[in-house]
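Q: Here's the letter readout for the chains.
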Amino acid sequence: MTSRILPQFELFMPESISQVVEHLKLYGKKAAVMAGGTDLMVRMKSGLFVEYVVSLQNVKGLNYVDYDETKGLSIGAMATLNQVLASRNVQDNYPALVQSAYENGTEQTRNVATVVGNILNASPAGDCACAILALGGYVTLQGPNGIRQVDIDDFWINYRETERKTDEIALEVVIPPARGCVSSFTALTRTRKDLAKINAAVAMSMKGRFCSKVRLALGAVAPTHIRLKKCEALLEGNEITDELIEKIVELVPTEINPINDVRSSAEYRKSVSGVLIKKVIKKALG
Amino acid sequence: MKTCDITLFVNKENHSMTIPVNRTLLQVLRDDLGLMGTKYGCGTGECGSCTVLMDDKPILACLTLAALTSRKSLTTIEGLEEDGVLHPVQEAFIEKNAVQCGFCTPGMILKSTALLAKNSNPTEAEIKGHLEGNICRCTGYVKIIDAVQYASKQMNR
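Chains as they are written, first to last, in the working numbering: chain A, 53 to 338; chain B, 21 to 177.
The calculated lysine-lysine pairs, modelled on DSSO-like cross-linking and capped at a C-alpha distance of 30 Å, are:
hint : chain 1 : residue 1 : chain 2 : residue 2
1    : B       : K148      : B       : K77
2    : B       : K22       : A       : K97
3    : A       : K245      : B       : K77
Since the hints were made in silico from the structure, they are not lab data.
For reference, chain B alone in the conformation it holds in the complex:
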């Protein structure tokens, strides 16, 4: 089959569509569903800009065939807010000014959310280790680490 029918479950909504099998999840999210928050950086798994959560685990949308994600639970940056209220990690990135150009931010936030879900009080070393694979070319890492620590405190209150 060069095309296939899939049902993507993105941000708690089902989307049924027919797609060419060589489309990446990144292409489908951005071009077909209009979810532009997931960024296209390197396209080869180096930069982490296209990070999304699949069954709550971070993966790279540029190296994932959309055809293989049918019926998995996908979360993009657009799906983190609930009823207009931002996720504590999003709030923390704003509070700590952890955003410069913003291109890496969706990936950084989703990756940090996944970290805090399994380790609510990570050390600085654990944060750095976990964020390996997400590159910020503005080199604003210090504030990103501040933001994750701040989010951790807010979420544990």
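Bound conformation, chain A alone:
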């Protein structure tokens, strides 16, 4: 149980990305990287022990939300949820991201918590993480051997485990240009702004009622967020009718393997998963 007292650690406040990498090269295995800190602080108060905390706060140039017609949307490691919500480009092009960033936390949290942090936290209940898996994209990592990009589909390996090596810093997440793609996000919670019992997001390219491409993401139903590949295959290349959506509702529970925990039972998660996917598809289609 939580002691709610922070253990002792050493704090580094590097001012450049290369200094961050230098610290992580020396101490990475025993270090945690802190962006907004809203997740890390709670985990440290609940028994997570790290010898070193590397804060990104003083690193210049990481708090951007940029949109480019070719590259898409780039969200820097220190860009807060409220910064993302304030971006006109995000509002115009990525409804799933807007809805998830808003639901992800309260005003106090949104003022400091970061989108990239939500991805790196690797909790299968993360709200922004769920939306970004549906929207697709990649995470840019920098380590002693240079920069590499990891597709979001491959980024989470297991519960709280990501592709990031201990000597790497996640610089940004990049989401492809929207190009008329519709999207939406929803979460089921006990009370407002609670951790999700289960969350869902969809991003689809539509020509009228005809779906040419779709990505469906579900959270809190497996050790990581997952895509529903069978459902996607059933939707792609087809006209989205009520009958087809009902087929999807039946198919969703067969693709997931949820657990019982304090927030929900596996049985409940299975029985609502299909309905939740139906809800996000209908919401995205408007």
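Guided by the hints, dock chain B onto chain A, whose structure is given.
A: Just chain B, lined up with the frame of chain A:
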């Protein structure tokens, strides 16, 4: 470094001190500076009792390392009054009896102040949405919403 030197700028005053790096802003405000208006509720970011303003934005002091707030502008409930005159939001909470046990009140008032600074005439839905994350266990929410609406009217007069 297990300790660090910081200069906190709280309620328009500078405080230079050496602190262990694992101290939260909440601990430093209450234990080192004696500013007891900022409350320790849950300690895990659920209740909003420890809300303070950092560069005019509400944040949670229990989830913030004091070492990372050096030279930022911090406002606690003690800093809202000016020359002995209460802030209109404080007056409104008194006028509308929006205080029962009082434990959530500093957080509620600071959060409401931040809302009214960016939206001078919020709807009831906007007030409720904005106050999510501040819990009143006396469940006196109705009067708190009344108070914010009253403050909005007084400030727009």
